[in-house]
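Enquirer: For the sequence shown, UniProt numbering assigns the number 166 to the last residue and increments by one with no breaks.
Keep in mind that the hints were calculated from the coordinates and are not lab data.
Note that the structure is predicted; figures quoted are calculated from it, not measured.
Don't take every hint at face value.
Subject to a maximum C-alpha distance of 20 Å in a straight line, what follows is the list of computed SDA-like cross-link-like pairs (lysine to any residue) [what the hints assert, rightly or not]: (1) 91 with 27; (2) 86 with 33; (3) 91 with 18; (4) 86 with 113; (5) 123 with 80; (6) 123 with 92; (7) 86 with 59; (8) 86 with 112; (9) 91 with 122; (10) 86 with 67.
Ranges between beta-carbon positions, derived for each pair [said to hold, decoys possible]: (11) 23 with 83: 17 to 25 Å; (12) 79 with 122: 15 to 23 Å; (13) 20 with 82: 25 to 33 Å; (14) 6 with 123: 15 to 23 Å; (15) 102 with 18: 39 to 47 Å; (16) 49 with 101: 34 to 42 Å.
Ideal Cβ placement from N, Cα and C applies to all residues, glycine included.
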Amino acid sequence: STWGEPSPEEEEEEEEERFRQQLLETLAFLSEDGDTLLHLAIIHCMPSIAFCCIAQMPVEVLEFQNDLFQTPLHLSVYLEQFEVVKALILKGVNTALQDRNGNTALHLACEQQSLECVELLTKPISEMQIRKTLQDLQLQNWQGKEECGVIPLGLMSVKSQGLNAS
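Work out the full structure, taking the sequences as your base and the hints as a guide.
Expert: Have a look at this one:
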């Protein structure tokens with residue numbers, strides 16, 4: 001290349017940087033309801049897009065709360081998208097964030113009677129996992145309900161025994 005003109009390598013680096021910038025702008029999209037692309041991928045049951053977002057976005061973006069203060073973790077628990085829940089937890093999102101009703105993802109899992117989500121939120125997923133936020137089982141939502149109060153835990157126990165019996 002001549003003096004002053006970028007080399008092919010420099011042009012390639014610039015193109016990659018432009019692509020990265022476009023990708024970040026796309027991933028940073030917010031809907032009129034405050035949903036990120038990840039929120040929307042979960043709502044519309046598009047796990048491949050959700051996994052791409054989880055891989056590419058920093059944890060802070062994965063923890064964005066929409067207008068209802070729901071994080072992608074809240075939505076994936078509510079919609080029982082177990083693999084998305086697992087990917088978000090492994091990425092290190094804060095599991096103690098509360099929605100507009102004061103519910104954490106664990107509150108929602110108990111409310112949904114989703115044993116799998118409760119286990120994902122309370123048990124280590126792998127030997128390598130380091131939890132940023134341990135679940136505080138005494139944390140109350142705005143109605144004064146604990147994460148997994150006596151009744152929800154009782155239901156989970158019955159459900160668990162029923163699953164083991166089959």
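Enquirer: Now look at each hint and say whether the structure bears it out.
Expert: Hint check:
no., hint, in the structure
1, 91 with 27, "holds, 16 Å"
2, 86 with 33, "violated, 25 Å"
3, 91 with 18, "violated, 26 Å"
4, 86 with 113, "holds, 17 Å"
5, 123 with 80, "holds, 17 Å"
6, 123 with 92, "holds, 14 Å"
7, 86 with 59, "holds, 14 Å"
8, 86 with 112, "holds, 17 Å"
9, 91 with 122, "holds, 15 Å"
10, 86 with 67, "violated, 24 Å"
11, 23 with 83: 17 to 25 Å, "holds, 22 Å"
12, 79 with 122: 15 to 23 Å, "holds, 19 Å"
13, 20 with 82: 25 to 33 Å, "holds, 31 Å"
14, 6 with 123: 15 to 23 Å, "violated, 52 Å"
15, 102 with 18: 39 to 47 Å, "holds, 43 Å"
16, 49 with 101: 34 to 42 Å, "violated, 27 Å"
Hint compliance for this structure: hints 2, 3, 10, 14, 16 are broken, all remaining hints hold.
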